[in-house]
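Here is how the chains run, residue by residue.
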Amino acid sequence: MNFVLLHYLLLKGGRDATLLLFSGLGFVPRGLVLQLVEGYLCLQNILIPRGTQDNCCDEASANNSKEEPCFDGEDDPIDNATLVQSSDGEAHYYDFHIVYSNSYRVPVLYFRGYCIDGQPLVLDDIEKDLPANSSKILTESKWTFITQEEHPYLNRPWYTLHPCGTCEWMKLLYANKAPMVKGVPVDQYIISWFSVVGQVIGLRTPLEMMRS
Amino acid sequence: MERDSKKEARNYVWEGAIPLQIHLHQSEVTTLPSPPPALILAPRIGYLPLLVPQVKPFFSSALPPGVDTVWFDYKGLPLKWYIPTGVLFDLLCAEPERPWNLTVHFRGYPANILTPCENEDSVKWSYINSLKEAAYIFHGNCKNVMNMSQADQFELWQSVMNAGNLESYLRVSSKLKFGIFGDTFSLRLNSSSVKSRERAELDAAGTVTSGRIPVRLYVWSIQEDFDNLEDAPSFDSWDKISYINRPAEIREEGKCFSLGDAMKMLLPEIFGDKASASGDISKTEVEDYLKLNPEEASNIEGTKVMAESKDVESCNLSKSAEIKLLRIQGIEPKLEIPFTWLANNLMNPDHFLHICVYVKVPELTTI
Numbered sequence: 001m002n003f004v005l006l007h008y009l010l011l012k013g014g015r016d017a018t019l020l021l022f023s024g025l026g027f028v029p030r031g032l033v034l035q036l037v038e039g040y041l042c043l044q045n046i047l048i049p050r051g052t053q054d055n056c057c058d059e060a061s062a063n064n065s066k067e068e069p070c071f072d073g074e075d076d077p078i079d080n081a082t083l084v085q086s087s088d089g090e091a092h093y094y095d096f097h098i099v100y101s102n103s104y105r106v107p108v109l110y111f112r113g114y115c116i117d118g119q120p121l122v123l124d125d126i127e128k129d130l131p132a133n134s135s136k137i138l139t140e141s142k143w144t145f146i147t148q149e150e151h152p153y154l155n156r157p158w159y160t161l162h163p164c165g166t167c168e169w170m171k172l173l174y175a176n177k178a179p180m181v182k183g184v185p186v187d188q189y190i191i192s193w194f195s196v197v198g199q200v201i202g203l204r205t206p207l208e209m210m211r212s
Numbered sequence: 001m002e003r004d005s006k007k008e009a010r011n012y013v014w015e016g017a018i019p020l021q022i023h024l025h026q027s028e029v030t031t032l033p034s035p036p037p038a039l040i041l042a043p044r045i046g047y048l049p050l051l052v053p054q055v056k057p058f059f060s061s062a063l064p065p066g067v068d069t070v071w072f073d074y075k076g077l078p079l080k081w082y083i084p085t086g087v088l089f090d091l092l093c094a095e096p097e098r099p100w101n102l103t104v105h106f107r108g109y110p111a112n113i114l115t116p117c118e119n120e121d122s123v124k125w126s127y128i129n130s131l132k133e134a135a136y137i138f139h140g141n142c143k144n145v146m147n148m149s150q151a152d153q154f155e156l157w158q159s160v161m162n163a164g165n166l167e168s169y170l171r172v173s174s175k176l177k178f179g180i181f182g183d184t185f186s187l188r189l190n191s192s193s194v195k196s197r198e199r200a201e202l203d204a205a206g207t208v209t210s211g212r213i214p215v216r217l218y219v220w221s222i223q224e225d226f227d228n229l230e231d232a233p234s235f236d237s238w239d240k241i242s243y244i245n246r247p248a249e250i251r252e253e254g255k256c257f258s259l260g261d262a263m264k265m266l267l268p269e270i271f272g273d274k275a276s277a278s279g280d281i282s283k284t285e286v287e288d289y290l291k292l293n294p295e296e297a298s299n300i301e302g303t304k305v306m307a308e309s310k311d312v313e314s315c316n317l318s319k320s321a322e323i324k325l326l327r328i329q330g331i332e333p334k335l336e337i338p339f340t341w342l343a344n345n346l347m348n349p350d351h352f353l354h355i356c357v358y359v360k361v362p363e364l365t366t367i
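Protein chains in written order, with the working numbering: chain S, 1 to 212; chain U, 1 to 367.
Extracted from the complex, chain S is given alone in its bound form (with noise of 0.2 angstroms):
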């Protein structure tokens, strides 16, 4: 799966992600490079602040949130970084990593929380950082729970939205325009899949993806 262009958009709408590249044996012997086998995109050490997640998601304050690009016609990348919190509440850290899965054939999102010393946030915390209406996704749904994991690649637990209601799902959303999501180019599936996964973990998807 083709995670290049996605991580591409990502930097350019000001997230610093990440793409790493994983060779199904744990390394990536020098010079061959070229030959991976699979690869997974990860953002690391989204800041989420917590006292004012209720302003997060508006684009009023885009200035004072961190994760938010700005989508008032500007392109102004923000270093997630340097902002500092100024609500009174504890930051919370996050790292979201987006992994194929051959299985399922779609993309998973798996995500962990955890406060500045680096202790592990359990799910109970998180949901109460995820938007106000993502939690209500969450629990009516029945195609997107979270189940704690194993990471596929890095043999620690971690929290993933549960991949088999996704395929479902997107068809849903294509259900108005490619008559099967085999036909959709990959790179717009997996834009598609971050503009609804997206708003779960309360990422917003930079206006530009769509546009291109």
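Worth double-checking, as some hints may not be accurate.
As a list, the in silico DSSO-like pairs of lysine-lysine whose alpha-carbon atoms are at most 27 angstroms apart [claimed, not checked]:
#, chain 1, residue 1, chain 2, residue 2
1, U, K143, S, K171
2, U, K324, U, K360
3, U, K324, U, K264
4, U, K240, S, K171
5, U, K75, U, K240
6, U, K75, U, K324
Which residues of chain U face chain S? A few of them, derived with a C-beta cut under 8 angstroms, are [stated by the list, open to error]:
#, residue
7, T115
8, K132
9, I137
10, C142
11, K143
12, Y243
13, W341
By construction, these hints were calculated from the structure, which means they are not laboratory data.
Treat the numbers as computed from the prediction; the structure is a model and nothing was measured.
Built from N, CA and C at the ideal position, the CB exists for glycine as well.
Keeping the supplied structure of chain S fixed, place chain U upon it in accordance with the hints.
Below, chain U without anything else, positioned relative to chain S:
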């Protein structure tokens, strides 16, 4: 005849067991003398946490006060509880140790390494999840599993839980219509000798497929060579094992799709041709991307991307990688065996074929 031999293979798999000698971790022993180890026969197709009710009575009087959070380790390595016991044994014990010496802990769950396992329900959920995944690989949807009645789910889990009732398992799992795997070559080969009963079985299953087979590969890449299994280096971290959860796709090439063919397909970077793996990020895609963003080259971690196209044919990796050991259900099958036979007969109750491989790879040379 065919039917009987299949039943035999299934019985063997179902009845396979590993003798365990389980020791309580020293830090949790509060009595003198320390309790003797528990000797338990663990079903290969089962899971370690399910043994706790059998194990606990041996140690409960010695435990410190507190809530139990059970986990096992082998030579210090915390064991992943959602991997079937037989697979753990095949993978971690190069030279099979009988009995297999494990340590049990009732405190101090390593939550940073292992996903939580509270009780039998956690294991059941994990099993059902794997079954769903296998169903998805097979049918393209999980409907059959998700629509199982409560009674069926209960019966299925009960039969799997301690490798109890094979008949009961077969009865419920047949409703899931997994059918059997077949490639057209094997079917053609067998059709002349197929008895009418077998043909009926094929028809009843309805879904003989030459599609995707659920496989879970556990690969240990070793750089040092060894001749005897007992000389195999031991490992202390799961980071040294690559877990590859990727369905095998049968390629119709007019000949039988063997285990060796499947391995080439699943581990192309070791055994196959450079171009054979599907889903790769292609060289041209990476080049195009870098043309757009030359400054991103440094962001692509762990790799050194060369702007000019290099001749990857000069790489010798695939020629010198070697399978040192390949185990499925404790057996070391020949690479020529038809893969579909293995899938049909040696799969676990989660409908996955779990394969443990030790691969010798050449030393990495730094450029």
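We went through each hint and held it up to the structure:
1. U/K143 with S/K171: The given pair, whose Cα atoms are some 16 angstroms apart, holds under the 27 angstroms limit.
2. U/K324 with U/K360: Holds. U/K324 to U/K360 sits at ~6 angstroms (cutoff 27 angstroms).
3. U/K324 with U/K264: Given pair U/K324, U/K264 holds - Cα atoms ~15 angstroms apart, limit 27 angstroms.
4. U/K240 with S/K171: Not OK: U/K240 and S/K171 at ~38 angstroms, beyond 27 angstroms, violated.
5. U/K75 with U/K240: Distance of about 15 angstroms is within 27 angstroms: holds.
6. U/K75 with U/K324: Answer holds: U/K75 to U/K324 is near 22 angstroms, not above 27 angstroms.
7. T115: holds (4 angstroms)
8. K132: It holds, given that the least Cβ distance between U/K132 and chain S is near 6 angstroms, below 8 angstroms.
9. I137: For U/I137, the interface hint holds, since the closest Cβ of chain S sits about 5 angstroms away, which is under 8 angstroms.
10. C142: holds (5 angstroms)
11. K143: With a closest approach of 11 angstroms, the U/K143 hint is violated.
12. Y243: Holds: closest Cβ of chain S sits about 7 angstroms from U/Y243, inside 8 angstroms.
13. W341: violated (22 angstroms)
Hints 4, 11 and 13 from the list above are not met by this structure, while the remaining hints are.
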